[in-house]
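**Student:** Chains A and B, in that order, give the protein sequences. In terms of my numbering, the first sequence opens at residue 1 and continues consecutively. In terms of my numbering, the second sequence opens at residue 1 and continues consecutively.
Because the hints were derived from the structure by calculation, they are not lab data. As the structure is a prediction and not an experimental result, all values here were calculated from the model. Worth double-checking, as some hints may not be accurate.
Said to hold, decoys possible - Below are the SDA-like pairs computed for lysine to any residue, each with C-alpha atoms no more than 20 Å apart in a straight line:
| # | chain 1 | residue 1 | chain 2 | residue 2 |
| --- | --- | --- | --- | --- |
| 1 | B | Lys14 | A | Glu223 |
| 2 | A | Lys212 | B | Gly60 |
| 3 | A | Lys212 | B | Arg86 |
| 4 | B | Lys14 | A | Pro69 |
| 5 | B | Lys14 | A | His169 |
| 6 | B | Lys61 | A | His235 |
| 7 | A | Lys81 | B | Gly36 |
| 8 | A | Lys72 | B | Gln72 |
| 9 | A | Lys72 | B | His93 |
| 10 | B | Lys61 | A | Glu237 |
| 11 | A | Lys160 | A | Leu146 |
| 12 | A | Lys212 | B | His93 |
| 13 | B | Lys108 | B | Ala2 |
| 14 | B | Lys14 | A | Phe39 |
| 15 | A | Lys81 | B | Ala39 |
| 16 | A | Lys81 | B | Val104 |
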Amino acid sequence: MVALQLGGAPAATLGEVKNRADLVIFWGSNPAESHPRHFTRYSGAAKGRMNPKGRKDRYIVLVDIRPTPSAKYADEFIQIKPGHDFEVLTVMRMLASGKLPDARSVGGVEVQTLERLVSRCKDARMGVLFFGQGITETRGKHQNSLVIYQFGKEMSLYSKFLTLPMRGHYNVVGSGNTMCWQTGYPFAVNFGRGYPQFNPGEFSVVDLLKRKEPDAALIVAAEPMDHLPYEAARHLENIPTIVLDPRETLTTRMATVVIPVKHAGISVEGTAYRMDHIPIKMRAVLDSPWPKDDEPLERIIQRVKELRKEKAAV
Amino acid sequence: MALIGILNTARTLKQGATMHIAKDAPEYLEAISYVGVSAQEMEKAGIKDGDEVVVFSDHGKVTLQARGMELQPGSFFMPLSYLANRLVSSETHGTGVPGFKNTVVTIKKPNE
Numbered sequence: 001m002v003a004l005q006l007g008g009a010p011a012a013t014l015g016e017v018k019n020r021a022d023l024v025i026f027w028g029s030n031p032a033e034s035h036p037r038h039f040t041r042y043s044g045a046a047k048g049r050m051n052p053k054g055r056k057d058r059y060i061v062l063v064d065i066r067p068t069p070s071a072k073y074a075d076e077f078i079q080i081k082p083g084h085d086f087e088v089l090t091v092m093r094m095l096a097s098g099k100l101p102d103a104r105s106v107g108g109v110e111v112q113t114l115e116r117l118v119s120r121c122k123d124a125r126m127g128v129l130f131f132g133q134g135i136t137e138t139r140g141k142h143q144n145s146l147v148i149y150q151f152g153k154e155m156s157l158y159s160k161f162l163t164l165p166m167r168g169h170y171n172v173v174g175s176g177n178t179m180c181w182q183t184g185y186p187f188a189v190n191f192g193r194g195y196p197q198f199n200p201g202e203f204s205v206v207d208l209l210k211r212k213e214p215d216a217a218l219i220v221a222a223e224p225m226d227h228l229p230y231e232a233a234r235h236l237e238n239i240p241t242i243v244l245d246p247r248e249t250l251t252t253r254m255a256t257v258v259i260p261v262k263h264a265g266i267s268v269e270g271t272a273y274r275m276d277h278i279p280i281k282m283r284a285v286l287d288s289p290w291p292k293d294d295e296p297l298e299r300i301i302q303r304v305k306e307l308r309k310e311k312a313a314v
Numbered sequence: 001m002a003l004i005g006i007l008n009t010a011r012t013l014k015q016g017a018t019m020h021i022a023k024d025a026p027e028y029l030e031a032i033s034y035v036g037v038s039a040q041e042m043e044k045a046g047i048k049d050g051d052e053v054v055v056f057s058d059h060g061k062v063t064l065q066a067r068g069m070e071l072q073p074g075s076f077f078m079p080l081s082y083l084a085n086r087l088v089s090s091e092t093h094g095t096g097v098p099g100f101k102n103t104v105v106t107i108k109k110p111n112e
C-alpha cells in the first residue's frame, strides 16, 4: 500500500488477466495454498478470449525461496535466496535497460536466467507479475513492492505489463477502499484529533499495541490474538476490549465484552471487494438471530454522544 | 547443536481450511504445530522428522515438532498461527507490517 502511494502501479482486473495474459509470474506468492481458485479462475487453466486453450496459452513462472506446491503448476521455477528480492529485481531493471551487472549471479539466481525472464516480459502480449507476502513481509518490505511497480512500468514500454498484489484475507481490499474514500488514506488512520491523520509505523495497529498506547479497543471482525505477533497483541489482554464477531475466536475469548453479529456475505447482504478492487455484491443465504455489524456500532456511537452531552451539561 | 536462521511464516492449505473449525480443534493444532527444517540442517543438528524441538527468538518461545521440508539452509518454515506469532518480531520498520518472514530464530533439542 505504501509502495503503491509512492510509485503508482500498472494494473487491470483479473478479467483482463484471464482474457489476455500469456505470461504470468508469481513472485513470493503460493496461490496453490493461499488462493486455491486463482489458477482455475484467472491465471492458469482459465480459458479466455485470447487464451482459448487455457493453460497451454500461458507461460507461468514461479519465483520463490522454496519450491512451494505452486511450483508444479509453473513452467519455470526460479529459486532465490531469502531476503534478496530487491537485489534480483533491481538487476532485472538493469538488464531491461541493456546494462549488465558485474556478477554471474544475484540472490542465488544466474544472471542468464534473469535475462531470459526479462526477454519474456518484453516479448509478452500481456505479462502480469503477481506478488505476495513473500515480497511485502520479507526484508525490504514496501521497497520490494516499489521496485516491482517500477519494473512493471518499465516493461510497459515494450509490452502490456501489469503488477498486481495477491491480497489475502476476505475483503481486505474493501477495507482499504472504504478508508480511502472516507478519509483519503488506506490504513493506519488516526482520528484522535478530530480529523484523519495517516502515518504507518505510528498509527498502524501493531506499532500502537507494541508501544502500549491504547487504553481501550473496539475490534470488528478481526482476530489479533491469532494474526498479530503476540509481543504486540498481548497488550489487548490488559485493556478493556469490545469484540464484534460472528464466531468464537481467540480474541472473543479474552474480550471484556463480546457482541455476536451476523456473518457478512452469509447472513447479511452487502459488498465485498475482490483483490483487483472489483466490488462483488453478496446475498444473504442463511438466517441468523444476531444483528448486523453496523447496528451495535450505531448504538455505541449514539450512547457516546449522549454521555458527552451529559458530561458537558455537568 | 542449535540451528539459527530466518523464520518464514505463511499460509498453508491445511491451516487455511481448518482455522474455521476452532483455534483449539485437533485438526487446526495438527496443521500449525510444526517447524519446517531442511534435511541437511536436520542431519547437522541430529534432529529426526517428528522430533520435538524448542524454537525461540528474542520475542518468545514454542515447543513443537520438527518436519523435514525442501528449504534452503538458514531458512525455517511455520504455518501462520498464534504459535508462529509467539516468535515473530513486532518491529514494523515504519511500515505497519511486522516481521512475519524476517525474524531470526534458534532451534534446538529440548534437553540441549
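**Student:** Failing hints, ascending?
**Tutor:** 9
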